[in-house]
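Number of protein chains: 2
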Amino acid sequence: MKIGIVGGTGDIGEGIAMRLSPNHDVVIGSREEEKAVESSDVCYATVTKLGLPCSVSGYSNQDAIDRSDIVILAIPFRHVEPTLASLHGFENKLVISPVNPMEKRDFFVYTPPPEGSAALLIKRLLPQETRLCSAFNTVAANKWKALNETLDLAVPVCGDDSLSKATVLDLVRSIPGVKAYDAGPLAVSSMVECLTPLLLNIARFNKMKDVGVQFR
Amino acid sequence: MKIGIVGGTGDIGEGIAMRLSPNHDVVIGSREEEKAVESSDVCYATVTKLGLPCSVSGYSNQDAIDRSDIVILAIPFRHVEPTLASLHGFENKLVISPVNPMEKRDFFVYTPPPEGSAALLIKRLLPQETRLCSAFNTVAANKWKALNETLDLAVPVCGDDSLSKATVLDLVRSIPGVKAYDAGPLAVSSMVECLTPLLLNIARFNKMKDVGVQFR
Chain A
996 MKIGIVGGTG DIGEGIAMRL SPNHDVVIGS REEEKAVESS DVCYATVTKL GLPCSVSGYS
1056 NQDAIDRSDI VILAIPFRHV EPTLASLHGF ENKLVISPVN PMEKRDFFVY TPPPEGSAAL
1116 LIKRLLPQET RLCSAFNTVA ANKWKALNET LDLAVPVCGD DSLSKATVLD LVRSIPGVKA
1176 YDAGPLAVSS MVECLTPLLL NIARFNKMKD VGVQFR
Chain B
996 MKIGIVGGTG DIGEGIAMRL SPNHDVVIGS REEEKAVESS DVCYATVTKL GLPCSVSGYS
1056 NQDAIDRSDI VILAIPFRHV EPTLASLHGF ENKLVISPVN PMEKRDFFVY TPPPEGSAAL
1116 LIKRLLPQET RLCSAFNTVA ANKWKALNET LDLAVPVCGD DSLSKATVLD LVRSIPGVKA
1176 YDAGPLAVSS MVECLTPLLL NIARFNKMKD VGVQFR
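As they're listed, the protein sequences go chains A and B. For the first sequence, the positions run 996 to 1211 when my numbering is used. For the second sequence, the positions run 996 to 1211 when my numbering is used.
Hints listed in this document are in silico derivations from the structure and should not be mistaken for laboratory results. Since this is a predicted model, take the numbers as computed values, not measurements.
Same chains, same label: a pair holds when it works inside one copy or across any pair of copies.
Quick list of in silico lysine-lysine cross-link-like pairs, BS3-like style, CA-CA up to 27 Å:
1. Lys-1138 / Lys-1174
2. Lys-1099 / Lys-1204
3. Lys-997 / Lys-1030
4. Lys-1030 / Lys-1088
5. Lys-997 / Lys-1118
6. Lys-1088 / Lys-1118
Okay, chain A solo, but in the shape it has when bound (with noise of 0.2 Å):
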């Protein structure tokens, strides 16, 4: 299956690029396609320096849909309804969260928008045949960046659609070192979406850095 990447060239985009490229067919989108194909070509070029197999290409942020069975969108929460809005062909895929509503004041908040998280926001936003779940919100993006690091963290996944969400935990678990976990249905997202501010303020308060979360 094809992977797109819309907002591919930002941190957490590149991070999932590099971590997918090496077993799936990856598409990095872009508002300019230009950018999609450098940030494709710095992900070739850093995942077959580790002697792996990659195949990866650039495309606009459209392109990267249309030539896609799964598309995650890899881009900011303040961008989501601008992107969706300038964008179309989502009937028939299954597309993935990673999306997390937060603000820095002194500290990470969890602000959700009145949906109740993002991954509702974005179901509002989309086709109702459009299958949604919500993965990869903790991605920290330097660590995923960091090829020669083994990861060793967990995915929860969120989704209705039990097929999609099985087809989104092997997508998860195709990362060696990490470990995909069904967290229920896309009702819960907005439990998952917090992490991720949470891990910052532990980062934050405990000079960590590039801090996941791990079940057990």
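On the provided structure of chain A, position chain B as indicated by the hints.
Here is chain B on its own, set in the frame of chain A:
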């Protein structure tokens, strides 16, 4: 320092008492003093059977407060308001809230009060001088009560008074195998409280038991 546990005969309270009583003076409180004495006897027998020292006693909730420096409110969320209304003497105490407002539907949902979290509700109900932290929110009672098993998990701590928070972090760290993390001010306690329904959902949907959290 003496640690009083209001509601100490419940599962969470008993788990905390068993893990703290080898290194601290623990006073288990209950609405019925006889139940507290029973729990105290069970705790003493369980801890000393493993060759560990144990300091534990059982009293009424009010006596547990009066005899302690630190008071842990090991009560269900729905009991918070009536329990605090029936007790007094919190003025010079350090109070710890492990309380998680949540509901079990087909899955667990975080249901904070209008204040934003159990901790902020408790702050409103306690005297202004009382120092308050949240901690022990993610205690999986069975795992904490299985004293022959070493714990390997994290406890996030929130609070606004840095000296009190340092005291609570030290208290948590006195339990072998438990890492304590400063998770920020009381204002973000909701992000810690909703870890518990998340962990319960992960346990439920992944056929796991007594799931705890680790940060790394």
